[in-house]
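J.: If you want the building blocks of each chain, they are given just below.
There are 2 protein chains.
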Amino acid sequence: MMDSKKINLSEQDMPKSWYNIQADMPNAALPPLHPATKKPVGPDDLAPLFPMGLIQQEVSKERYIPIPEEIREIYKLWRPTPLIRALRLEKMLDTPAKIYYKYEGVSPSGSHKPNTAVAQAFYNKIEGNRRITTETGAGQWGTALAFAARQFDMESEVFMVNISYKQKPYRKVMMKTFGADVYASPSELTRAGQKILSENPDSPGSLGIAISEAIERAVGDEKTKYSLGSVLNHVLMHQTIIGEEVLKQLEKTGDFPDVIIAPLGGGSNFAGIAFPFLKAKLKEGKDLRCIAVEPASCPKLTKGEFRYDFGDTAGYTPLLPMYTLGHEFMPAEIHAGGLRYHGASVLASQLLKDGLIEAVALQQLECFHAGIQFSKAEGIIPAPEANHAIAQVIREANKAKEEGKSKTILFNLCGHGYLDMQAYDDFMAGKLQDHHLTEEQLKSGLRKLEGMPVV
Amino acid sequence: MMDSKKINLSEQDMPKSWYNIQADMPNAALPPLHPATKKPVGPDDLAPLFPMGLIQQEVSKERYIPIPEEIREIYKLWRPTPLIRALRLEKMLDTPAKIYYKYEGVSPSGSHKPNTAVAQAFYNKIEGNRRITTETGAGQWGTALAFAARQFDMESEVFMVNISYKQKPYRKVMMKTFGADVYASPSELTRAGQKILSENPDSPGSLGIAISEAIERAVGDEKTKYSLGSVLNHVLMHQTIIGEEVLKQLEKTGDFPDVIIAPLGGGSNFAGIAFPFLKAKLKEGKDLRCIAVEPASCPKLTKGEFRYDFGDTAGYTPLLPMYTLGHEFMPAEIHAGGLRYHGASVLASQLLKDGLIEAVALQQLECFHAGIQFSKAEGIIPAPEANHAIAQVIREANKAKEEGKSKTILFNLCGHGYLDMQAYDDFMAGKLQDHHLTEEQLKSGLRKLEGMPVV
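Sequences listed follow chains A and B, in order. Each residue of the first sequence is one higher than the one before, counting from 1 in the working numbering. Each residue of the second sequence is one higher than the one before, counting from 1 in the working numbering.
To be clear, the hints were calculated from the coordinates, so they are not data collected in a lab. Every clue listed holds true.
Sample of chain B residues lacking proximity to chain A, with all beta carbon distances greater than 10 Å (derived):
#: 1; residue: Ala29
#: 2; residue: Lys38
#: 3; residue: Ala47
#: 4; residue: Arg130
#: 5; residue: Asp202
#: 6; residue: Leu247
#: 7; residue: Leu282
#: 8; residue: Gln363
#: 9; residue: Glu450
Only part of the chain B face toward chain A is listed, based on derived beta-carbon distances under 7 Å:
#: 10; residue: Met174
#: 11; residue: Leu419
#: 12; residue: Tyr424
Bear in mind that the values here come from a model prediction, so they are computed numbers and not experimental data. Backbone N, C-alpha and C fix where the C-beta goes; we use that ideal spot for every residue, glycine too.
For reference, chain A alone in the conformation it holds in the complex (with noise of 0.2 Å):
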């Protein structure tokens, strides 16, 4: 019989603060550009779409920031989360390596988009906003934010990547449970929505399309704000809760990790659980590797280019510097939603081009694989973009079998997949395929990068 750990954390020993990488990176990330000028975005240009609060964030270098009180009163609903130990999936490997998974599956999204969203809609709130317009991909944001807007009586706006509208029918549901308005993107509502259903009428929409309809409806409205569920440097700094609570919670163990793993598709996930672990290797020397998984189809860290690209697929965003596909690149259509955008948060394309973090790209099929894998001993099916992670694990749990040497894995189980099973419906019918990126396919995204600003 195999024995099994969760280490909980009480509410008093929940962090006080987000850690904002920012204060401790040996080169700063560069700034965002206005696409315009070419020169950095001030505080006063972001206006129109962020509340100050966030703005003064996005440009801290202070270390730890404090989360203020009424958050803290939310994130208890499902804050700590357990950090488990996953003792029945390292004896079904047979490794001698320690698996530990943090579950931000418990949250009322099912992630651990919360976290950041909560924070956001507070913001917004107390400068006195009543309506927040946003993307998503898979449906764990916009559920998130649905959420939020609701537990501070404002209203939320979401548009759905077309595909995942389609292929994920019970997220829409589940938002409008919470009270959102939620539309298909590309919709005909905005221009930038117009103008891809013109030229495409069955887009299957990208993020990159759905958040160029959600800024140009914040940008009508005074009272409107515009919110991002991942990528930018605040949203990241958000997630930190996650790690800072692990940090805690393996104390009790006495345990440190070797290799921390999430999946990658803006990069807050990645953000929450490594940022925290970096500090030490970053400010101490600390032997450690972050890894950042992304699918095969969109694999901007391990393909893509380190310059300046707008975020959003319509050019309404500022420039920013990161590793991307161009933003126009239009990945294939896999399960895991959340990780089909173009482009990698500033802060982590910044770490992998200084070489203190690593990334990879994996196949859908290995991944689905993993979190079946993982559901038979764990209890717990993972979201599809959780399984990237998984794989990976397996993957390193597998080497060190191999190498006959113990070592301790940590990764980040985002979410579950109970909103995701028709996927796992797909994978089992033999459905589903890997997706093999043409270099032309690769050349016609990075093609539109020309006349950016290098880096």
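Fit chain B to the given chain A structure using the hints.
T.: Below, chain B without anything else, positioned relative to chain A:
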């Protein structure tokens, strides 16, 4: 800004015993009878269906039965579960009542069902069985059994009520992900299923029919046993870990419930949270109301008869003394599939007859409305079964407001609704309706009780 509060329990404080209410009931439950001889059944009669470890628990009068360490180790994957003070719901209702809910949705299958599934799988495993068959309504139980069998490397086979098989296709996928074989019931695999299908090829099925099918498969193979997700004494007892945990959690707040509310399908959910508290009423005369909530479309407690009846439709089980609508009663196709059962557990039935608990029947629309209110306040979307409890909680909270009296209400949030979003979609689209049982429907079910031994 509102406050909210999780009351956690450490793994070390997880209860080490189940509570067996048979030790404390003023009137012992009557014995099950053999349908042919009308004599009490003995252990040998049950041996083809159940392992001896469970048969012994079924008839035990011991007050506490230790939970084997192997079961506790699996429980720790998700237990102890949180007790949560629903401060946001209280505020929304503007009630002086304190509302607590125990949240069992954090389990691998998303409901309280694994509490007994793991125990049943364990006793089957140690007695050398290799396969477990069972029925499932909405799919909560089948998922739990599939998970539990997998944990002990056993096979599982699930007969899923046809209407739920159609309404909740993703539950089926989830069971398959855990490795189970899943069939729509009635099926052509059994004589019981064939008979129903020959009379009505479009039969929506019922729990009673699915039980018949699962039993038939178990008796045909020596190493295959049958497992029931509710109704039986040992099943109810395994669920008491819920209430035993709440006892410890409420000790930390200093509160004791005035009212305990849970949905009742077979009775295990209700028993799980109520029985450990009923002990104080039975032994010390403590003032406490325990309310079982059933759907108005399947009202065995409020409109059924207390007498001997079969537990299944084909008449394979022993005769059980219980409140029943007749074992051929066909409930309307409500979304709360777990409550579509014609009878109530022997223990809950006896307690109701003795006036120690109460029952109320509610309509579907009121329950869904309550579930959405709860979602908006607390961030968790409940299973349709759980909505029955929430609707009654809201009634009690409103009564407290009218009377200007504070009271403490405790309910079991037995599962989340992530796999039930179609039901919410239908409700929000105005497609659901209440079901008013006619006198004729009621009588036609009860007529089948003629000739059954009277209690």
